[in-house]
Every structure is written in C-alpha cells, then in structure tokens.
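Mind the numbering: the sequence shown is residues 1 to 86 in my numbering, read in order.
By construction, these hints were calculated from the structure, which means they are not laboratory data. The C-beta atom is built at its ideal place from N, Cα and C for all residues, glycine as well. Just to be clear, a hint being listed does not mean it is correct.
[Claimed, not checked] For each label pair, taking beta carbons as the anchor points, the in silico distance ranges come out as: (1) Asp-56 to Leu-16: 27 to 37 Å; (2) Val-70 to Ala-2: 34 to 44 Å; (3) Phe-17 to Thr-84: 28 to 38 Å; (4) Pro-10 to Gln-78: 38 to 48 Å; (5) Asp-56 to Phe-14: 18 to 28 Å; (6) Val-7 to Thr-53: 10 to 20 Å; (7) Leu-16 to Gly-60: 22 to 32 Å; (8) Ser-79 to Phe-59: 24 to 34 Å; (9) Leu-12 to Asp-56: 30 to 40 Å; (10) Ala-20 to Tyr-85: 25 to 35 Å; (11) Leu-81 to Ala-24: 20 to 30 Å; (12) Ala-2 to Asp-56: 47 to 57 Å; (13) Val-18 to Phe-59: 23 to 33 Å; (14) Leu-4 to Leu-86: 28 to 38 Å.
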Amino acid sequence: MALLELVQLPRLAFWLFVLACVWAFLRPRLPRFLRRRRVSPASAPATPATRTTIEDIVFGKAAILRALVVFNILFAVQSALDATYL
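Given only the sequences and the hints, what does the whole structure look like? Please build it.
Listed below in structure tokens is the structure:
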C-alpha cells in the first residue's frame, strides 16, 4: 500500500504520453501488402520490383534518421534542464 502512495498520477500520465509519442515515431512502418493491386504478368511494368526486407525497415536510412532525431531532442531537453538547474 505504501508503494501506491508514491505513484503520482500526473507524472505517470505524462510519461505514458511521452512513451506513446516516441514509440509511434520510432516504430518501423511495415509495407502495406493489402493495398497493393494485383497486376497480371502481361501488364506488369518492365522495371524490376523492389523488395523490402526486415533489415531495410529496422536498420534502414529512415529508421536511423528517426533515432537520431529522437536522440537530439532528448539531448536538447537534457541540456535545457541542466541550464535551468545551474
């Protein structure tokens, strides 16, 4: 019971909100297979189809860019908090 008294509802709500925003920003966007139209082989384009692998989604340029943006935002927030404290 003493542990429940230490939980602050506004702080918990804030961190859940931050977690939801960061997760939505960092999660990999999987290709939408259901939206693709089925094309018959006769009308298929002459260019080879690009295949997306899990490695491209998780460790691709877009994922690295999102991770760097989040890191820089966290670093800026930490620096601002340090500056206000000092």
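Each hint, compared with the structure:
no., hint, result
1, Asp-56 to Leu-16: 27 to 37 Å, "holds, 31 Å"
2, Val-70 to Ala-2: 34 to 44 Å, "holds, 35 Å"
3, Phe-17 to Thr-84: 28 to 38 Å, "violated, 21 Å"
4, Pro-10 to Gln-78: 38 to 48 Å, "violated, 21 Å"
5, Asp-56 to Phe-14: 18 to 28 Å, "violated, 34 Å"
6, Val-7 to Thr-53: 10 to 20 Å, "violated, 42 Å"
7, Leu-16 to Gly-60: 22 to 32 Å, "holds, 28 Å"
8, Ser-79 to Phe-59: 24 to 34 Å, "holds, 28 Å"
9, Leu-12 to Asp-56: 30 to 40 Å, "holds, 36 Å"
10, Ala-20 to Tyr-85: 25 to 35 Å, "holds, 27 Å"
11, Leu-81 to Ala-24: 20 to 30 Å, "holds, 24 Å"
12, Ala-2 to Asp-56: 47 to 57 Å, "holds, 49 Å"
13, Val-18 to Phe-59: 23 to 33 Å, "holds, 24 Å"
14, Leu-4 to Leu-86: 28 to 38 Å, "holds, 35 Å"
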